[in-house]
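Visitor: Sequence:
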Amino acid sequence: MKAIVQTGPEAVEVQQRERPVPNSEEVLVRVHAAGLCGSDAHAYRYEGGYEWIPIPRVMGHEYAGVVEGVGDDVEDFEVGEKVVEEPIHDCGHCFQCKNGQPNVCQNFSITGMHRDGAYTEYVTVRPEHLHAVPADVPLAHAAITEPTSIAARAVLDRSVTTPGDNVLVEGPGPIGVLTACIADSLGANVLVSGLGRDTDYRLPLLEELGIATLNLDDADLEAETESFTDGLGFDVVFDTTGHKSGVETAAERVRKGGQIVVVGLPGEESALFLTPLVRSEVDLNTSYGSTWRNFEQALRLMDNGAIDPAAIVDDSYSVDDPTGAFEAFLDSETCKPVFTFAE
Numbered sequence: 345m346k347a348i349v350q351t352g353p354e355a356v357e358v359q360q361r362e363r364p365v366p367n368s369e370e371v372l373v374r375v376h377a378a379g380l381c382g383s384d385a386h387a388y389r390y391e392g393g394y395e396w397i398p399i400p401r402v403m404g405h406e407y408a409g410v411v412e413g414v415g416d417d418v419e420d421f422e423v424g425e426k427v428v429e430e431p432i433h434d435c436g437h438c439f440q441c442k443n444g445q446p447n448v449c450q451n452f453s454i455t456g457m458h459r460d461g462a463y464t465e466y467v468t469v470r471p472e473h474l475h476a477v478p479a480d481v482p483l484a485h486a487a488i489t490e491p492t493s494i495a496a497r498a499v500l501d502r503s504v505t506t507p508g509d510n511v512l513v514e515g516p517g518p519i520g521v522l523t524a525c526i527a528d529s530l531g532a533n534v535l536v537s538g539l540g541r542d543t544d545y546r547l548p549l550l551e552e553l554g555i556a557t558l559n560l561d562d563a564d565l566e567a568e569t570e571s572f573t574d575g576l577g578f579d580v581v582f583d584t585t586g587h588k589s590g591v592e593t594a595a596e597r598v599r600k601g602g603q604i605v606v607v608g609l610p611g612e613e614s615a616l617f618l619t620p621l622v623r624s625e626v627d628l629n630t631s632y633g634s635t636w637r638n639f640e641q642a643l644r645l646m647d648n649g650a651i652d653p654a655a656i657v658d659d660s661y662s663v664d665d666p667t668g669a670f671e672a673f674l675d676s677e678t679c680k681p682v683f684t685f686a687e
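So the sequence shown is residues 345 to 687, counted in the numbering used here.
If you're looking for bench data, these hints aren't it; they were derived computationally from the structure. Heads up, the beta-carbon is just placed ideally off N, CA and C, and yes, glycines get one too. Just so you know, not all the hints are guaranteed correct.
[What the hints assert, rightly or not] Here are the computed distance ranges between Cβ atoms for each label pair:
#1 Lys-442 / Asp-561: 31 to 41 Å
#2 Ser-589 / Arg-361: 37 to 47 Å
#3 Ser-529 / Leu-560: 18 to 28 Å
Using the sequences provided together with the hints, build the complete structure.
Guide: This is the structure we're talking about:
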């Protein structure tokens, strides 16, 4: 079977691998589609904080497929069911897991990073890590369940966003786009900021979805904040940039008594001055990964039309040219590339 394998920093290639055989407690999934996200791109570059990832390995952690076979002891799934995997596997035994915080498990492992992933035709996985996909959600759309679940956690669990709130989302990458869409579905007034390189694809994508955007290379965010919020500042700011400047800018644009939610993973230390946030009683929060509940929320948001995956998924990139997809993503020429492994 085909598999996209990382062989070094900024080096991926298509290899032939043996089709896996599930043990008695595993499910065999035929992968239909698998998405490329920011963490995949960081791992592709082997950036700081990602050096622990083994090479070579099959990449990919967000995917959807169909159950092809089940082990003798599996009772929860049957052949032919559509499924997605929760790629962050918790241990179930540490303090955080027992305390209802499995997304920050002390002993977690991630499909496609700690172990071979889903950029291939078949994978095996234990049933407790799978979710059934609603009948009306196509597999190509279900492939972005995992990033949608991250956005759902950020907006629905970790923020105080309510209808009518003025919300700034910093960064129009996949998580930023999905965060903006979920906040918009709640009835918030959403503005997404990006850079000049985002004007060819990502910011126009958001505008097509009816969400306001701002190119920071051409416009003044301070002036736009004044206009957008009637001088108050944003009620909630989501930083999805993955850059240290994101939270610093958020601190300047949030209103007194407002909230900042940091979702991106800055690779450098920030020089954030906390005194103004304390004096303004700004809630500085973080959001990492997602839980079982967030996966279910993501699937329902796609099923009821609150999220339109068809507008977000870009299936124009071939499995046979994975480098092209990674480079296009890093150059902001696309937002959510999805590789198709089976029709």
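Visitor: Look at each hint and say if it fits the structure.
Guide: Comparing the hints with the structure gives:
Against the hinted window of 31 to 41 Å, the Cβ-Cβ separation of Lys-442 and Asp-561 comes to about 47 Å, which falls outside the hint. Against the hinted window of 37 to 47 Å, the Cβ-Cβ separation of Ser-589 and Arg-361 comes to about 41 Å, which satisfies the hint. A beta carbon spacing of about 25 Å between Ser-529 and Leu-560 agrees with the range 18 to 28 Å that was offered as a hint.
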